[in-house]
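2 protein chains.
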Amino acid sequence: MTSSPMLTKEDIGHKLAAVYAPIASELAESERIFAGELKSRFPFVQDLVGHCAAFQGKRLRPALVLLTAQACGGIRPAHPVLAAVVEMIHTATLVHDDILDEAIVRRHAATVNAEWGNETAVLMGDYLFTHAFHLAASLETTLACRWIGRATNLVCEGEMQQVHNRGNVDLDEAAYFDIIRGKTAELTAVSARLGAQYAGADAATVDAMDQYGRNLGVAFQIADDVLDIWGDERTTGKSLGTDLEKQKLTLPLIRLLSTSPAPLAARLCRMINEPTEETRGELRPYLESSGALEYAWDRAKAFASLAGKALDILPDTAAKGLLRNLTQYVVRRSA
Amino acid sequence: MTSSPMLTKEDIGHKLAAVYAPIASELAESERIFAGELKSRFPFVQDLVGHCAAFQGKRLRPALVLLTAQACGGIRPAHPVLAAVVEMIHTATLVHDDILDEAIVRRHAATVNAEWGNETAVLMGDYLFTHAFHLAASLETTLACRWIGRATNLVCEGEMQQVHNRGNVDLDEAAYFDIIRGKTAELTAVSARLGAQYAGADAATVDAMDQYGRNLGVAFQIADDVLDIWGDERTTGKSLGTDLEKQKLTLPLIRLLSTSPAPLAARLCRMINEPTEETRGELRPYLESSGALEYAWDRAKAFASLAGKALDILPDTAAKGLLRNLTQYVVRRSA
Chain A
38 MTSSPMLTKE DIGHKLAAVY APIASELAES ERIFAGELKS RFPFVQDLVG
88 HCAAFQGKRL RPALVLLTAQ ACGGIRPAHP VLAAVVEMIH TATLVHDDIL
138 DEAIVRRHAA TVNAEWGNET AVLMGDYLFT HAFHLAASLE TTLACRWIGR
188 ATNLVCEGEM QQVHNRGNVD LDEAAYFDII RGKTAELTAV SARLGAQYAG
238 ADAATVDAMD QYGRNLGVAF QIADDVLDIW GDERTTGKSL GTDLEKQKLT
288 LPLIRLLSTS PAPLAARLCR MINEPTEETR GELRPYLESS GALEYAWDRA
338 KAFASLAGKA LDILPDTAAK GLLRNLTQYV VRRSA
Chain B
38 MTSSPMLTKE DIGHKLAAVY APIASELAES ERIFAGELKS RFPFVQDLVG
88 HCAAFQGKRL RPALVLLTAQ ACGGIRPAHP VLAAVVEMIH TATLVHDDIL
138 DEAIVRRHAA TVNAEWGNET AVLMGDYLFT HAFHLAASLE TTLACRWIGR
188 ATNLVCEGEM QQVHNRGNVD LDEAAYFDII RGKTAELTAV SARLGAQYAG
238 ADAATVDAMD QYGRNLGVAF QIADDVLDIW GDERTTGKSL GTDLEKQKLT
288 LPLIRLLSTS PAPLAARLCR MINEPTEETR GELRPYLESS GALEYAWDRA
338 KAFASLAGKA LDILPDTAAK GLLRNLTQYV VRRSA
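Residue numbers (the working numbering), protein chains in the order written: chain A, 38 to 372; chain B, 38 to 372.
Treat the hints with caution; some may be incorrect.
[What the hints assert, rightly or not] Have a look at the derived ranges for each label pair, beta carbon to beta carbon:
hint : chain 1 : residue 1 : chain 2 : residue 2 : range
1    : B       : 80        : A       : 342       : 29 to 39 Å
2    : B       : 154       : A       : 298       : 46 to 56 Å
3    : B       : 212       : A       : 73        : 25 to 35 Å
4    : B       : 144       : A       : 211       : 32 to 42 Å
5    : A       : 353       : B       : 114       : 41 to 51 Å
6    : B       : 61        : A       : 203       : 37 to 47 Å
7    : B       : 154       : A       : 73        : 51 to 61 Å
8    : A       : 352       : B       : 80        : 44 to 54 Å
9    : B       : 311       : A       : 295       : 27 to 37 Å
10   : A       : 51        : B       : 313       : 51 to 61 Å
Since the hints were made in silico from the structure, they are not lab data. Bear in mind the structure is a predicted one, so any value in this text is a computation, not a measurement. Each residue gets a CB set at the ideal place from its N, CA and C atoms; glycine is no exception.
For reference, chain A alone in the conformation it holds in the complex:
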């Protein structure tokens, strides 16, 4: 892993702050819109909304809307609304993901399911989803609703495929990429696409920004999957090794299984299908010596590089430079 230094949480915080500085006021505006849309007359619901707002971490998706807008002609009034919408969709998926993962910690705070129970978490996710569409429908045309609806459908399909394939040690790379293109890359793609479209960009530029967001999302998810098996709870802010615990096969494991001699592969499959507290530690030497971790990291970097190439269509601006910087940070991070 020497070629991919793990930045500390502070390092990455400083770097993202620099990327976000030129869109700081619009990000703040999108957060006001987010909070305003979710106001409830029920104190219990309002508490939940406040709790979920704290899940906002890197704010990658709203930043994508705003930075692509800036790089494609300038931020317009619709953009902070769209930024709030994509963050609300993302937050809804996090709340529901935490139920699926039985996670208890999210960004150093209790998950909704851990604090209020699964039932409230199901409804809170629904509340966020439907508010996102309500907010998207406040724009002039149905375009955002259609695009976000389509993207969110594919996110759900990707997640359903993932749940369906738990414990399936025969999952191959193609199926893995199919899953993460749905569950993660659809939303980053539509974020960048919306940013460009609502800035008045031409069709070729809108498509290029879609490709940028899509490849960035894939790179980001691979890195996330590597960190799930490699990082530690202190830096990721999540429970340890959720994927292993839930028998989700991710790229490092898929690579390890496909490159191991049959007897070893069979032994590894048994470890994966009957995970214990020790499994993660036991798999690590194999992941490292086989080169599977390095392979996954290289794939992440290749997708980040594709994302960078999609930016070539843009004129040289400060915003374009920041979008390019993002492609490096998503695969050089600790959290």
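Once you have looked at the hints, place chain B on chain A.
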């Protein structure tokens, strides 16, 4: 209960068939749109979609869209789309409700949570929600997305309030009506409202249809709550006494507690807060002798009557007559 004969499932089936006959082809069209929207390239997802489509029972909400349209100027091409949208939203809430209720049977079929697990049920509900908005966004303007978004938000708030108040024996009638106005009546109200609006009705008529759907929904929910404590599994097609099991206080119990002398009320509260297999049978004599069941039934009929009055604004047509018939069936039914 002599004044409110429990119709058999066959009786009500015949009566609803008569109500739906004039909109049969449009209902069939909305079912084709429903199935078409949910097509997935993943066989696993397609199986789930097929299973959930079978949950469609009374098709009350799509029928409301189409019958109000017919009564307010005629069915237009947008109406079958809107009918599919409200049924999809309703199906999404059923799939998620079954998780909350830990229900195992829905319309004589296994619930998604019982057959595929809670995780898949969470995602399937999300899939239906987001497809509903995607479909609504296929219409010309954002109006349907906005109205349905707003209504669905209030449905979620009502459900969250209900979960929050489980086991709360101090829940009063006002809070109960607040909950059911959200969780049930918002969606029937918006169904009738959309039917009128997209038929070109004037604002007063659209508002009256909203009131029709709203009061019909409240009547329907009270009747449903009475049946949960009074009907049997064979006729309702649901697990026995879900509300009692989940310590949901509904109108019959709220009325019983508020009219019982303090020592009896205290004993009943203990029974409600520590439900067993026998609780339902033990509560029945109290519910009956106190008049609480009859009271709840009368309230349901009063709301049904309000719904009927809201129809006065309409010219006399066959469709108006069918809408009026519906107000009688919702409180005279066995399932």
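The hints, checked one at a time:
1. The given range of 29 to 39 Å is respected by residue 80(B) and residue 342(A), whose C-beta atoms sit roughly 34 Å from each other.
2. In this structure the hint that residue 154(B) and residue 298(A) lie 46 to 56 Å apart at CB is violated, the actual value being about 35 Å.
3. Range check, residue 212(B) to residue 73(A): Cβ separation about 26 Å, and the 25 to 35 Å hint holds.
4. Taken as a hint, the range 32 to 42 Å holds for the pair residue 144(B) and residue 211(A), whose Cβ atoms sit roughly 38 Å apart.
5. Range check, residue 353(A) to residue 114(B): Cβ separation about 48 Å, and the 41 to 51 Å hint holds.
6. Judged by the Cβ atoms, the range 37 to 47 Å given for residue 61(B) and residue 203(A) holds: they are separated by roughly 43 Å.
7. Distance hint check for residue 154(B) and residue 73(A): the Cβ-Cβ separation is about 36 Å, which falls outside the suggested range of 51 to 61 Å.
8. For residue 352(A) and residue 80(B), the hinted distance range of 44 to 54 Å is satisfied, since their beta carbons lie about 45 Å from each other.
9. Roughly 55 Å separates the CB atoms of residue 311(B) and residue 295(A), a value that falls outside the hinted 27 to 37 Å.
10. At about 59 Å, the beta-carbon gap between residue 51(A) and residue 313(B) stays in the expected band of 51 to 61 Å.
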